[in-house]
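Student: Given next are the chains, with one letter for each unit.
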Amino acid sequence: MSQYVVGIDLGTSNSALAYAPLDEARLPIGLLELPQLVDVGVVERRRLLPSFLYIPAEAETQAGGLGVPWDASGKLVVGAFARDHGAQVPDRLVSSAKSWLCHAAVDRRGPILPWGKGDDGVRKVSPLEATARYLLHLRRAFEAAHPEAPLGQQRVILTVPASFDPGARELTVEAARAAGLPNVVLLEEPQAAVYAWLEKRGESWRKELSVGDRVLVVDIGGGTTDFSLIDTVDEEGSLGLRRVAVGDHILLGGDNMDYALAFALKKELEEGGAALDAWQMRVLVQACRAAKEALLLDEDAGGPTSQAILVPNRGAKLFKKNLKAELTRERVLEVVLQGFFPSCGPDATPEQRRVGLTQLGLPYATDPAITRHLAQFLTRHAREGEAFALPTAILFNGGVLGSPAIQQRITQVISTWLAEADAPEARVLSGAELDVAVARGAAAYGQAREGGGLRIRGGTARTYYVGVEQPMPAVPGYEPPVTAVCVAPFGMEEGTALDLPAQRFGLVVGQPARFRFFSSSVRKTDPIGSELDPLPPDLEELAPIETTLDGTAGAVVEVGLSAAVTPVGTLELSCVDAAAERRWKLEFDVRDRAA
Amino acid sequence: MSTLAPLGFFARLGFAFSLFFKVVFDGLFAARAAAMADQRLPETAGDAAGAPGPATKESSAAAAPPRPQAVPEAPVRAAEPQPAAETSALQLLSAFQREGRFLDFVKEDVATVADGDLAGVARLVHAGCRRVVDGWFTLEPVWPGEEGAKATVPAGYDGRRVRLTGNVTGEPPFTGTLTHHGWRASAPRLPTLSAGSDPAILAPAEVEL
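Chains as they are written, first to last, in our numbering: chain A, 1 to 595; chain B, 596 to 804.
It is possible that some hints are incorrect.
With a straight-line cut-off of 25 Å between C-alpha atoms, the simulated DSS-like cross-links for lysine-lysine are [as the list claims (entries may be wrong)]:
id	chain 1	residue 1	chain 2	residue 2
1	A	Lys267	A	Lys324
2	A	Lys321	B	Lys702
3	A	Lys320	A	Lys267
4	A	Lys267	A	Lys207
5	A	Lys267	A	Lys321
6	B	Lys745	A	Lys324
7	B	Lys702	A	Lys320
8	B	Lys745	A	Lys317
Hint data in this document are derived by calculation from the structure and do not stem from the laboratory.
Between the sequences and the hints, there should be enough to build the whole structure, so can you do that?
Tutor: Given below as structure tokens:
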């Protein structure tokens, strides 16, 4: 029996949990204060749980004080202490597990984190396990506060980036299951931000938006940037919201800005003969973050023009051997605003640096210019007759956008584009708390699901295709041409299923059948079963999908394909033998398990 | 004056802390504070003489906050020797040190340190200690309104919340100028210590391998 709706923002760098009692009346949504280790032996409650996992050495665990109220063992540490202490011991620190979870080029179920260093006795975990650990921590924290309400039995909404592919979504659900949360429902983060705004505004949102409005959600977190477009539509006489586009997954966020500043200063300090250790680097990054906020204030708003940055030595003598640097407003403007938010035209595209050897590791965005990524996003999702999608309103989300200067810069760049297109200026929708809006919005969405409140419609954010090889004689050096067949059109709603009408595949029983798998965020009108030959450039190849048909080995079964969007929010593809009424689920994320 | 009651421990510590910075960075204020402290010295001594049991003495010795105010005529409420009180004082110091290098700072002799260096360190200490204060307490002014504005203190006012200074004559209501809006801490959120930890270790020694 559920007593609560619970929204969980499982962020790349910070997680949060918001909840409200499940009741007839809409009760206000509260944030759970999350107990976590902040120092050896000290557990504090904070509203954000840093998504970091520290793997202590045996001796550290035995020395004690690494436990939390529900787990005294201290074998793995999650939260603030993990982040702060782990920064000095990167070989034992798992960070950005979420980015690894959607990185199809690695084995996401394999023990690969902490990334890098070979076997030096540090226990390794998989991106899946790290994610499960964060969720388990949140679950235990909730149950410590509400012992009568096991989290697994509550209505839990878990947010994922809008740009998460089907494999990453499924892994997220799997991690939740491993953490004892068998019944989560997924929600896209930018949508959650909109729900948080709606919750904050109450019914008055209908005065701020009207039919024909197009809301651009700009979500810049610590490590990722995500864009979505949400249209205001007329639904049988009342206002409705429809998510019409989501952007690509961009590994670029506020942390990059702080690091960019810190590295600029580090270089300066090192040229002066100083050497910084990992601890000092962390202090420098933190100092840069704080100074950035202050220096980005307008001079008119009383902002300083420069700020002294002090990196103290680690000993007790606070005035000896300190490293001092000066961060000027000019430099912050140059590094943060010019570097990450340069002025550009609406037709700009991110610079692609071609690297000969693809390095494993996270596929960080090669172009730090968020405005160019934004221009590309809007251009891709232009409607008929538009040069680019014209937003009428902007909703900001993510801790970075707590800085008014960055909000202003983005607004100003968009205004220039809109002016060029003779379109009216976009207004900024404000109100929600930026760092916890996603968790709150997820809980609000949970309430809307329960109580028939307003819901954003959208369905699948992409169109999905499987690759079918064309029969032709083998020619060395040439791959056989591939046709992409649409298996799941754009906008398939939760709880719907579609069968591929015509195509049939002969699959051999007893051995893995593997399909190449593609998606597109811009081809929104391809109906199910449509064939694309040759492959258009706007398809993006995902990790292949695979199934193994059980039965008499060697036999050939003729199957069709079927797609379903589960009520949870994951995509499910199956091979269907209509005659025998059997189906085999196609697995995402198989490449590396097989390897 | 008789309506004054002793400030709670955290109020004292918080106040001591803010005074510390005011004294260090505001020369005029320091001079005024020194004058005030001189005036009150005998009273302070009297107060200490009447202080209750050893637990209280110990805890104030451990935390060693400069006592900002003397409360001579107030009934001295025997502070309940709560086992947690001492621990939480140590915890607060430990957090100040961890986040803001507070102990390193106050244990330094700052007399000869150049102002520029002091300012740089103060920023660091300030940012860290503020994180702790913001995280542990919700602070709000006792008296809403701008300092310097007119304030009317009604009859039957709560002497724990408002202190009258200057020449108090006649009957309330009193009208005066708000010189300090006061601070009130609500809902302190203290961390928990894991069993077996030693709160007296405010900061462990660090050995890098």
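Student: Determine for every hint whether it applies to the structure shown.
Tutor: Hints and how they fare:
1. A:Lys267 <-> A:Lys324: holds (13 Å)
2. A:Lys321 <-> B:Lys702: holds (17 Å)
3. A:Lys320 <-> A:Lys267: holds (21 Å)
4. A:Lys267 <-> A:Lys207: Between A:Lys267 and A:Lys207 the Cα gap is close to 51 Å, so the pair fails against 25 Å, i.e. violated.
5. A:Lys267 <-> A:Lys321: The given pair, whose Cα atoms are some 18 Å apart, holds under the 25 Å limit.
6. B:Lys745 <-> A:Lys324: violated (45 Å)
7. B:Lys702 <-> A:Lys320: holds (13 Å)
8. B:Lys745 <-> A:Lys317: The hint is violated at about 46 Å.
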